[in-house]
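Q: Heads up: the sequence shown begins at 94 in my numbering, then just goes up one per residue.
Rather than coming from a laboratory, the hints here were simulated on the basis of the structure.
A virtual CB, placed ideally from N, CA and C, is assigned to each residue, including glycine.
Hints should not be assumed to be uniformly reliable.
[Unchecked claim] Pairs of lysine-lysine residues, derived as DSSO-like cross-links and limited to a Cα-Cα distance of at most 30 Å, are as follows:
1) Lys185 x Lys126
2) Lys126 x Lys138
3) Lys185 x Lys138
[Claimed, not checked] Label pairs and their computed distance ranges (CB to CB):
4) Val135 x Gly170: 39 to 49 Å
5) Glu106 x Ala155: 23 to 33 Å
6) Ser190 x Gln132: 18 to 28 Å
7) Asp128 x Thr168: 30 to 40 Å
8) Arg183 x Ser99: 31 to 41 Å
9) Ala181 x Ala130: 42 to 52 Å
10) Pro154 x Glu106: 17 to 27 Å
11) Gly100 x Val136: 18 to 28 Å
12) Asp156 x Ala116: 29 to 39 Å
13) Asp157 x Gly179: 25 to 35 Å
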Amino acid sequence: MANAVSGVAVSEECVRAFQELRAGRAHRFVVYKMDDAVQQVVVDKVGGRDAGFDDLAAALPADDCRYAVYDLDFTVGDATAKGADGEAPRSKIFFISWYVSLK
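Kindly produce the complete structure, drawing on both the sequences and the hints.
A: Written as C-alpha cells, this is what we have:
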C-alpha cells in the first residue's frame, strides 16, 4: 500500500527484513532502494550477523541513493553489569539515508 503523503509503497519484503533484523537478529544490516518504476521501496542487499560496518559501506553504491538500517552491538561500562569485566552489552539500530551529490 502506498503512503498517503509520498505515494511510495513499502514492500512486504522490506517489513519482513526489518523485523528479522530487529526481533530475530538475523541480519546486521538491510539496504533498501526504490524499484525501477520508482513506486515501491524494495530490499537491495542484506548483511549477515557476521558483517561489519565496512561491509555496509561497501554495499552502498557510489552513484545512487539508498536507505539502510544497521544493528550496532557495543558494550558500556556498567557497575551492575554481570561479567568479570563490568561491561554491559547494548544494541542500537540506526537508520541511514544515503544519497550522492549529483552534479
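Q: Each of the hints needs a verdict: does it hold here or not?
A: Results for each hint:
At roughly 22 Å between alpha-carbon atoms, Lys185 and Lys126 fall within 30 Å of each other, so this suggested pair holds. For the proposed pair Lys126 and Lys138, the alpha carbon gap of about 9 Å is at most 30 Å, so the pair holds. Only pairs whose Cα atoms come within 30 Å are accepted, and Lys185 paired with Lys138 is accepted, the gap being roughly 20 Å. For Val135 paired with Gly170, a C-beta distance near 41 Å keeps the hint of 39 to 49 Å intact.
A beta carbon spacing of about 25 Å between Glu106 and Ala155 agrees with the range 23 to 33 Å that was offered as a hint. Distance hint check for Ser190 and Gln132: the Cβ-Cβ separation is about 19 Å, which falls inside the suggested range of 18 to 28 Å. Look at Asp128 against Thr168: about 39 Å separates their beta carbons, and that is inside 30 to 40 Å. For the pair Arg183 and Ser99, the supplied restraint of 31 to 41 Å holds, since their beta-carbon distance comes to about 33 Å.
At about 46 Å, the CB distance of Ala181 to Ala130 agrees with the hint of 42 to 52 Å. For the pair Pro154 and Glu106, the beta carbons lie near 19 Å from each other, so the given range of 17 to 27 Å is met. Our hint of 18 to 28 Å for Gly100 and Val136 holds, since their Cβ atoms are close to 20 Å apart. Distance hint check: the CB atoms of Asp156 and Ala116 are about 33 Å apart, consistent with the given range 29 to 39 Å.
With their beta carbons about 44 Å apart, Asp157 and Gly179 fall outside the hinted range of 25 to 35 Å.
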